[in-house]
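Colleague: As a plain string of letters, each chain reads:
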Amino acid sequence: MIFALRICMCIVYCLKKVQILFFVFLLLGCEFLDYHPYDTQLGDDDLRELNHKSIEIIERKCADKDTVRFIMMGDSQGWYDETEDFVGYVNENCHIDFVVHGGDITDFGMTEEFLWVHDDMKHLKVPYVALIGNHDILSSANHTYCTMYGAEDFAFTAGFLRFICLNTNALEYNDSKEIPNFSFMEAELKDSLNYTNSIVIMHAAPGTEQFNTNVKDVFHKTVCAYRGALFALNAHGHHTSINDLFGDDFMYYQCASMGKRSFLLFTVTPEGYTYEEILF
Amino acid sequence: MIISPFFSIGQEKKEKYRFRPNYVKAQYAGDIACISAGVGYSYSENRWETEILLGYVPKGLRDNGFVTFTLKQNYIPWSVNVVKDKGIYFIPLTCALAVNIAFDPDLGLPNLANYDGGYGYYGFDPSIHFNLMLGQRIVVKRPFCKKGKRDIAIYYEIGSNELTIINAIRNSSLRPREYLNLGLGLIFTI
Numbered sequence: 001m002i003f004a005l006r007i008c009m010c011i012v013y014c015l016k017k018v019q020i021l022f023f024v025f026l027l028l029g030c031e032f033l034d035y036h037p038y039d040t041q042l043g044d045d046d047l048r049e050l051n052h053k054s055i056e057i058i059e060r061k062c063a064d065k066d067t068v069r070f071i072m073m074g075d076s077q078g079w080y081d082e083t084e085d086f087v088g089y090v091n092e093n094c095h096i097d098f099v100v101h102g103g104d105i106t107d108f109g110m111t112e113e114f115l116w117v118h119d120d121m122k123h124l125k126v127p128y129v130a131l132i133g134n135h136d137i138l139s140s141a142n143h144t145y146c147t148m149y150g151a152e153d154f155a156f157t158a159g160f161l162r163f164i165c166l167n168t169n170a171l172e173y174n175d176s177k178e179i180p181n182f183s184f185m186e187a188e189l190k191d192s193l194n195y196t197n198s199i200v201i202m203h204a205a206p207g208t209e210q211f212n213t214n215v216k217d218v219f220h221k222t223v224c225a226y227r228g229a230l231f232a233l234n235a236h237g238h239h240t241s242i243n244d245l246f247g248d249d250f251m252y253y254q255c256a257s258m259g260k261r262s263f264l265l266f267t268v269t270p271e272g273y274t275y276e277e278i279l280f
Numbered sequence: 281m282i283i284s285p286f287f288s289i290g291q292e293k294k295e296k297y298r299f300r301p302n303y304v305k306a307q308y309a310g311d312i313a314c315i316s317a318g319v320g321y322s323y324s325e326n327r328w329e330t331e332i333l334l335g336y337v338p339k340g341l342r343d344n345g346f347v348t349f350t351l352k353q354n355y356i357p358w359s360v361n362v363v364k365d366k367g368i369y370f371i372p373l374t375c376a377l378a379v380n381i382a383f384d385p386d387l388g389l390p391n392l393a394n395y396d397g398g399y400g401y402y403g404f405d406p407s408i409h410f411n412l413m414l415g416q417r418i419v420v421k422r423p424f425c426k427k428g429k430r431d432i433a434i435y436y437e438i439g440s441n442e443l444t445i446i447n448a449i450r451n452s453s454l455r456p457r458e459y460l461n462l463g464l465g466l467i468f469t470i
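Protein chains in written order, with my numbering: chain A, 1 to 280; chain B, 281 to 470.
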């Protein structure tokens, strides 16, 4: 007790001696007091449930549209300069309804990486939703993702289109979790919402090392069973490619990483769809 | 320019208590834990210090609280006598390199046997980090202490870990306040 009191007296004495220095750094430090690279402090309640907030805007703005235009980009991991350039380019040159980030937001799964990417993406003039990538699961960073963006599997409606976004990074979970989440996928099959076409989005496509190979055929059948299934989108591969993975003319479009300074822009109408790869 | 008299008591007692640490310290934040505390040894005219710290990141900052262990090596190039005969010193520069290990099962990578090349797939272990820090200290004679000359130091350190440094090198758009972090602490000689 006496020792503790002495320590307290010492601290007060020292604060008096060096108070100016101390308070300068206390003020400065408020901006960058980090406890650990993997602590999940976001520091701001506005940074929670970002997907939910974006989906509200997308569903409201696209409700009566018969042409939906969106961008598929992904793998911003480590390419934060390029992500900033992407946002600037899209704001200047693209007339779209929303942006989909296909996952691998971060490189090392660190909380500050999530924050850096959102610091860039929040400047988009349109809302964006982000999927979870395998790098966003490292060191249980999926908890950070879930706090910041929301559920790993989610769906939303943009006009006549239903977007079903899935976590397919099975390898990261050591078979401890149902990945892909067929319960969620089947619930989506049974919904009675008012839409005519579906697009499935994921980070890792069937056949990649992340995907649970045992279930890729069942997965594909479920994807194709969605009402008016048009095509599927994925990231993870770091280069643009268009793949007929199962030989049935159902296409999986893969966007390149931000490091390649490239993204895919889709225009979908009830009659069909077009896409283009844009380099920035 | 003078050599720091800091921790002189520890030096005198070295003969008698060979393995007795020269100081205890406590630190807040600094990218190694929320709160850290530990002991240290100073040597080579008090220019070098080696210390071990145990830290804690409480529940709430992650799903489970976890303990960290830090091995830290400090270098103090010089110190300045601020107020003569009052025992107040300013150390304008401290350089530190630390290895930080987190004891949290959630921080490991998944079963590496699943990956081609094991660690090669991601190339790092999230539970082990290397930190580089630069800082400053103010050292004063410890008040209310009856056992002769003891010092107390208040310090701050600014630094970053290796993964964040990699990101900072790769991305010029990141501002220093985004990749640097601050640690504040106290040191008591014993």
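Honestly, the hints are just simulated from the structure, not real lab data.
In this text, a Cβ means the ideal position worked out from N, Cα and C, and glycines have one as well.
Please note that the accuracy of each hint is not assured.
[Claimed, not checked] Cβ-Cβ distance ranges computed for the label pairs, FRET-style:
id : chain 1 : residue 1 : chain 2 : residue 2 : range
1  : A       : Thr240    : B       : Leu351    : 44 to 50 Å
2  : B       : Asp343    : A       : Thr240    : 46 to 52 Å
3  : B       : Gly345    : A       : Tyr173    : 21 to 27 Å
Colleague: Compare the structure with the hints numbered earlier in the document and write down the numbers of the violated ones, lowest to highest.
Modeller: Hint 2 alone not satisfied by this model.
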